[in-house]
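4 protein chains.
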Amino acid sequence: MSRTISGKEIAEHSSRESCWIIVHGKVYDVTEFLPEHPGGSKIILKYAGKDATAEYDPIHPPNAITDNLPPEKHLGAVDPATVTQVAAAPTDAEKARLTRMEQRPPLGEILSLHDFEAIAREVLPEKAWAYYSSAADDEITLRENHAAYHRVWFRPRILRSVTHVDWSTSILGHASKMPLYITATALGKLGHPDGELNLTRAAAKHGVIQMIPTLASCSFDEIVDAAAPGQVQFLQLYVNSDRAITEKFVRHAERRGVKALFITVDAPQLGRREKDMRMKFEAEDPAEVTDNKVSDKVDRSQGAARAISSFIDTGLDWADIPWFQSITTMPIILKGVQCWEDALLAYDAGLAGVVLSNHGGRQLEFSRSGLETLVEVVAHLKEKRGLTFPNARFQLFVDGGVRRATDVLKAIALGATAVGVGRPFLYAFSSYGQDGVERALQILNDEFEMSMRLLGARSIAEVVPEMVDASSIHQHIVAVPSDRLYEANYETMQSVRLREIKPRM
Amino acid sequence: MSRTISGKEIAEHSSRESCWIIVHGKVYDVTEFLPEHPGGSKIILKYAGKDATAEYDPIHPPNAITDNLPPEKHLGAVDPATVTQVAAAPTDAEKARLTRMEQRPPLGEILSLHDFEAIAREVLPEKAWAYYSSAADDEITLRENHAAYHRVWFRPRILRSVTHVDWSTSILGHASKMPLYITATALGKLGHPDGELNLTRAAAKHGVIQMIPTLASCSFDEIVDAAAPGQVQFLQLYVNSDRAITEKFVRHAERRGVKALFITVDAPQLGRREKDMRMKFEAEDPAEVTDNKVSDKVDRSQGAARAISSFIDTGLDWADIPWFQSITTMPIILKGVQCWEDALLAYDAGLAGVVLSNHGGRQLEFSRSGLETLVEVVAHLKEKRGLTFPNARFQLFVDGGVRRATDVLKAIALGATAVGVGRPFLYAFSSYGQDGVERALQILNDEFEMSMRLLGARSIAEVVPEMVDASSIHQHIVAVPSDRLYEANYETMQSVRLREIKPRM
Amino acid sequence: MSRTISGKEIAEHSSRESCWIIVHGKVYDVTEFLPEHPGGSKIILKYAGKDATAEYDPIHPPNAITDNLPPEKHLGAVDPATVTQVAAAPTDAEKARLTRMEQRPPLGEILSLHDFEAIAREVLPEKAWAYYSSAADDEITLRENHAAYHRVWFRPRILRSVTHVDWSTSILGHASKMPLYITATALGKLGHPDGELNLTRAAAKHGVIQMIPTLASCSFDEIVDAAAPGQVQFLQLYVNSDRAITEKFVRHAERRGVKALFITVDAPQLGRREKDMRMKFEAEDPAEVTDNKVSDKVDRSQGAARAISSFIDTGLDWADIPWFQSITTMPIILKGVQCWEDALLAYDAGLAGVVLSNHGGRQLEFSRSGLETLVEVVAHLKEKRGLTFPNARFQLFVDGGVRRATDVLKAIALGATAVGVGRPFLYAFSSYGQDGVERALQILNDEFEMSMRLLGARSIAEVVPEMVDASSIHQHIVAVPSDRLYEANYETMQSVRLREIKPRM
Amino acid sequence: MSRTISGKEIAEHSSRESCWIIVHGKVYDVTEFLPEHPGGSKIILKYAGKDATAEYDPIHPPNAITDNLPPEKHLGAVDPATVTQVAAAPTDAEKARLTRMEQRPPLGEILSLHDFEAIAREVLPEKAWAYYSSAADDEITLRENHAAYHRVWFRPRILRSVTHVDWSTSILGHASKMPLYITATALGKLGHPDGELNLTRAAAKHGVIQMIPTLASCSFDEIVDAAAPGQVQFLQLYVNSDRAITEKFVRHAERRGVKALFITVDAPQLGRREKDMRMKFEAEDPAEVTDNKVSDKVDRSQGAARAISSFIDTGLDWADIPWFQSITTMPIILKGVQCWEDALLAYDAGLAGVVLSNHGGRQLEFSRSGLETLVEVVAHLKEKRGLTFPNARFQLFVDGGVRRATDVLKAIALGATAVGVGRPFLYAFSSYGQDGVERALQILNDEFEMSMRLLGARSIAEVVPEMVDASSIHQHIVAVPSDRLYEANYETMQSVRLREIKPRM
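For the protein sequence lines, the chains are A, B, C and D, in the order given. Per UniProt numbering, the first sequence starts with residue 1, numbered consecutively. Per UniProt numbering, the second sequence starts with residue 1, numbered consecutively. Per UniProt numbering, the third sequence starts with residue 1, numbered consecutively. Per UniProt numbering, the fourth sequence starts with residue 1, numbered consecutively.
Don't read these hints as lab results, they were simulated from the structure. Each hint should be verified, as a subset may be incorrect.
Each pair may be met inside one copy or between any two copies, as identical chains are not told apart.
As the list claims (entries may be wrong) - Once the Cα atoms are required to be at most 25 Å apart in a straight line, the calculated SDA-like pairs of lysine to any residue come out as:
#1 384 to 464
#2 205 to 224
#3 46 to 330
#4 384 to 466
#5 384 to 470
#6 382 to 469
#7 46 to 56
#8 127 to 489
#9 382 to 466
#10 8 to 127
#11 177 to 314
#12 95 to 489
#13 46 to 105
Note that the coordinates shown come from a computational prediction; the quantities given were computed from them, not determined experimentally.
Given these sequences and hints, build the entire structure.
This is the structure we're talking about:
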């Protein structure tokens, strides 16, 4: 495994029969792995006998290849002098994208988190946009997550001296400058070469907490190493079918100083995200696709989501909870709870809290929003166990659909300790790197200051249930379909119009 | 009737005064039948003295002509050597359609049942699309059937080991690999030359049950013959005014092994489907239409629906139920029940179940969706007779508007035994034949697997009422009409935009 | 007054100082009347010294001029040989309209009442379209009238032998072939030269009742004369400030055989209909308008509505009811009742019924629909007086927004005796004359037959409250305004697309 | 300070190091003030050494410069003979705007308050339009203010002699010809050179009350001086951090005859209005913006709102109320109350009333509309203190979203004494000066007359709660997001179409 191999020799193994590839300067024989590759063999064969690092990097956790190939397939190091880089000429689409990148407005013109998304749409590579923005099925849940906030309205108080307002809070015992945290999202390098490190560094500057994702593009240790002294980080965990791997990971994280463990429980299988899957097809070589027979029944489209998630344990169960409690002293929070019954079970199991979430609308379509679930959880845990919220001993978090400080304050008023924000920060660093994330946090700070003043709340403790009207939160309505014959006949009202002044001849 | 007739002789009978036509190599004198033809005389006269088989086939049950003409009008067999085929040159529209047919994407790119519909719209002959897709009046009910599912949201459970999930079930005592069946739809050959046989064969491969329609393009026996050994089939019945015909049909079906009888009760008269009717006009010879006087008051448009349904008995009554019970031992289910009162009557009459359905939105406009009716039926049958659902002795089915496995699971959670799916399979085989139906079933299997896991249900028995929130199901709301003067004045918000970089001169 | 006047002499009186006009061959001196003309003096001055009949006819009741001018201003008859007709060359817009008139599809292609409106929009003169189609303010009430029907859904019954279905009924003791009547609408000649007579003749053929409008273009007697023997007609009454005129009119109507008196109570002043008013401006001579100073504050726009209604008594009061009861033995019905309190007063006053109506959305914006009011009236009159509906002694009618037989049946199920239909018949005769109205009635008959069968009701008596779900009728909701920044960022889902097959080179 | 300075000398002070400007003929040294200018230093430097009056005037209260600069920076008067005016050539955009100004339709064509807005959009300078029309965040609250009125419907009464209807009322003891007042809006000169005086003069003519804004473009005394003898004016107050300034202002106002003091309590900090902020960027010199580095993190955009409001006291508190009561005998009303709890506190504090308002949607996004708050305030103050409304001793006002007399009447029926109208009058005078405001008031008078008649109310006292149905007022619903794959497949209904007549060859 330590021998040095020439580019020429590698290039000879460029077929399905014998397929070698270079990743990060190491040579691997992936011939036998081809049929097992979650992303299909075709994409690997494209790099057979060549350097695949550029394609490999954003999609895979750094240790994916070493973990999946037996040692004897690790052939050795490549002799760099002998390799010709595959210098792909950028496509017209890519050139246009790079031009748009040049045309980004200065950060000072970004006025809200929506603006980052507007820019990211323009400057992200299509594949990255599809992976980040896509959600389950018809993406109804994705949009409901945002829309749910529109069903909750404020009841602000006046004449409370609000010169000094303070929106800092405590999350699982750790100080946070805002009642929100950066939640875990996968594959950060799809959007920016520094990936998740953009978040780590910006979080340090603004005093907010980052949740490190299992499926980060950067390695766990890179992300922890990038933290400032004393910076608090949490860990999001996808549980591996091989519990030994999970145990090793969790113990390592605790040793590295991670402060809480968020176990994802809403993703025994990663969702079908059709935008992502469809992208896959359209990006493929059209000639090759054309050759497929119409009757080709094999589903070759997996999208990025499934390509990276085959290891997740579908058998995770309540019975596993004591085991987790035995391997770590970190507080354990379940991420992805979606009804009060499971929140109650989590409480009774002695856990530290739950994240009410539907995974950003990316898993089960027609799951309710975290905000809606929050209302029923608060009501039932009061009824069943006498709890009131926010509650230091059992904390409720919500994520999905947040774009404004007002969204966050609605969740806080309804009983959440803090709110997780994901995609907006992805869009921020994809568009502007670390500066983008800092600008996003600054905008949120500005919004918190103003909203707290206008709400009449001088501290997070003063953001109380009476400050919101959530009585419409459970309404899931759809208008009776329109009568299109009638609508087509109806001639719309017109305002007065400017005169057209005719010249006098 | 057994004599052989030359094409030349037939061609002499090409007028309203004497009109012979050839169907499947047999010659018929239809002169006296012209005014009675449900589809109008004009369409027959177009083929007077010629071979009408191509036009006849997709629209008529195979035995329509022999059943409707007295024996003396069956003149004999045509002498094939003497007939010139009417080789119609394809129109420009038809040529464009055939090109689109060539451009169908490979089946692997079809990701959901919606995709089949998107392709079918492009590749179906206009008349077939109009017949399949049309519905009653303003098609509000058609769309409500789908929309009703959007008013029901999930309450998923977590941490239930879901490695093995099983969505097979039992329908009227027969195993089904999924909690759905292929419901009856008419005129399959409009979409594909193999018609309903596409469904039979795909159903066999995937272990689901097909309901054979009375108005199939293929004959009943062809469909039964196409079944695999042991394959379960049900029969949908339109009751004939001539009960002897119905009795013969039912007894024959039972003898051929059909396992259940679904009597359609929501169609004493087939609905006005204006899309279908309008198509008829536009397809007609414009010259001829132009000659019509503006004041022509005769409604010549019937659409395919009425053309094929004049035999249906408008007098069907509860009093007929015992008679049906006397002529068959098959379980009897009423298809088209729309309120709890009738479900209760069906139960009290000793029937095996009801299909809560509004006939795919094709009959009475503003009938509620089957899903909504299900909620009231379950509530009232519990109150009146103490029944709980699903119930093996009295089974509830729902059809209309289903496109996703999540739709099916909502109905199951609310008490249905299984759900009928119709149009999506029509679109699947119209676009891709039997392969299309198989792909559709495979997609549903994928969706069931994922949805069951994400719902936390390992078997259909674990899909329980607590897993859905249907509290908005009875809301039939329409927004207050917009104030268009105000809306027109309101200037929409704009996101930040890319800069346009001016060249430096 | 009986002298004969030459065109030359008349032409000399063509100024504001002395203004004579010819109407129907009679010469009138309108100089002093100019400032009082409800439609403004300008329009009259356009015809000063000329024949104004063509402009006068559709807008005025036939006797308007004779009633409004003192006898000494009736100068005599014109000498026809001496008058040159003003032969206006049709404008380009008018020519295009006449071409569209030629292009009307044959009546057989008209499939629903919506279709008449689609044609009328194209073929009506702009002024007529504006007058017929316009409504109050933002026309929200107009559209709500139709939309209210969409909030009521059916609960149909099955297996009730429906071979014979009968939708005839009795209205105020008079047989009607359908549970609807042709309600009063003004200015029929704007749409068709025969005006309201189209309705009279078609009503006779189909056995329905016509309500004669006070503001008909045809004279009352013309309309009564056009009736077939035994044909039932009702009278709609705008009460004149001069009660002697009203008394004379009512007594005359009763003598002529009119069977019921519908007193309009929702129009003490006719509504502002901005579409109509705006039309007025745009139709005016642009040169003249341009000369207006910007600061011209006089509201010259009245639209047709106000031009014809200045005589209506704003002082009409409950105290007048006994007087009406003293001058006629016809049953008296109040047209335009909008809450249960007034329906109760009408009942207690011994009247024969009420029309729950908001005047087709043309009067008070945000008045509720008749259908919604019906629900509260039925509930409260049962509670207060023990009445059940339909009720022969005190009948409830509804109008506004009806386009389908299903709309009518919803109102019947909720307790109405019959439903008034107005605009659809206007559109029908404006497009196709009497034939159009007959076709409209025939379509309704077809729809009634089918809907009664599918509803499981064999007679109007069997159309009962249990057949509808009106639980959403009082919902007046408006969605929270959309978040346009979010919406603009959201990239819509796309279905699979046809491949574009590239030629092989 | 009294020396006369030559233009030449002034022009030498045109840099950041020494910056003099001319305003209204006076010379000021603003060098040290540059970094403190709320609108940024850049805009001042543009006029360094020049006359800044034209830019200064509409944005600043007249005494802003004298109040903010210490006396020693007031250098003296400019010598007019020595100054060259900066005669800016109008931009193309400005020329197009002036052309549109020429094309305004005559006032007589303006039919509703919406029409003024339609014209103002076209003829206002972009900056003025952005400042007037913008609102907080996504402008959801702005639109909700209008939409809330659509959830309240009328229950009109009939047969009440309505010849004489009277919509005059009493507001805080002062006669008003209508139940509305002109509420305070800032920076009137942005829209018209006469600014707020347009309102004063029109108010006098129509007998309505004007509320004078603290942030008027005209000085307080100019506005009071413009009043007619006996004309009633109120004062809107932004409380200054320096209470001495506020006390002086309030005492001065009372001495000048102002009749009531409306203290704004919903704006301790002025809201982020992104439309306004974005305008700022787009209006800036593109070259300069382009030079900004992408990473420029300083938020240079403040919009007009923040530029003018830095003096407002964020520490205003209930404890300050007695002080206000000690410095004035004017009745005190809190403007910006948003829940019943604060209305109750205001009542208990002995105040004269509250304005239920969210500041025209310009402050806290998702604040409820004043109309909605009104319903809860009336209910709770009845419950807690036995009050009924309208109530002379404690008056309720509402503002935001009003466009029609029907809107006003809904608020009156629900218990308001009067309604504040702001933007529509801004749009009226921006488009047509004082004449526009008069026309707007005349339109409202017309609408009141008609609406009172149609409602059956002869006086404001007869506009009672039973006349409206507000049962849907608290509904904050959002439709379930649409299923776009389904919607895209659904082929809309089509009406019949005109034939295309083919020429006969």
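Hint check results:
For the homomeric pair residue 384 and residue 464, the shortest alpha-carbon distances inside one copy (21 Å) and between copies (22 Å) are both at most 25 Å. Taking the shortest alpha-carbon separations for residue 205 and residue 224, only the intra-copy value of 15 Å comes in at or below 25 Å, while the best inter-copy value is 53 Å. For a Cα distance limit of 25 Å, the shortest separation of residue 46 from residue 330 qualifies neither inside one copy, at 44 Å, nor across copies, at 59 Å. For the identical chains of this complex, residue 384 and residue 466 are neighbours both inside a copy (22 Å) and across copies (17 Å), given an alpha-carbon limit of 25 Å.
Taking the shortest Cα distances, residue 384 and residue 470 sit within 25 Å of each other both inside one copy (21 Å) and across copies (23 Å). Taking identical chains as interchangeable, the C-alpha atoms of residue 382 and residue 469 lie at most 25 Å apart whether they share a chain (19 Å) or sit on different chains (21 Å). In this assembly of identical chains, residue 46 and residue 56 lie within 25 Å of each other by CA distance solely inside one copy; the values are 12 Å within and 53 Å between copies. Proximity of residue 127 to residue 489 under the C-alpha cut-off of 25 Å is restricted to the inter-copy arrangement: shortest distance 17 Å between copies versus 43 Å within a copy.
For the homomeric pair residue 382 and residue 466, the shortest alpha-carbon distances inside one copy (17 Å) and between copies (20 Å) are both at most 25 Å. With identical chains, the CA atoms of residue 8 and residue 127 are never at most 25 Å apart, being 32 Å at best within one copy and 62 Å at best between copies. Proximity of residue 177 to residue 314 under the C-alpha cut-off of 25 Å is restricted to the inter-copy arrangement: shortest distance 22 Å between copies versus 37 Å within a copy. Within a single copy, residue 95 and residue 489 get their C-alpha atoms only as close as 47 Å, which misses the 25 Å cut-off; across copies the closest is 22 Å, which meets it.
Taking the shortest alpha-carbon separations for residue 46 and residue 105, only the inter-copy value of 23 Å comes in at or below 25 Å, while the best intra-copy value is 37 Å.
Checked against the numbered hints given earlier, this structure breaks hints 3 and 10; the rest are met.
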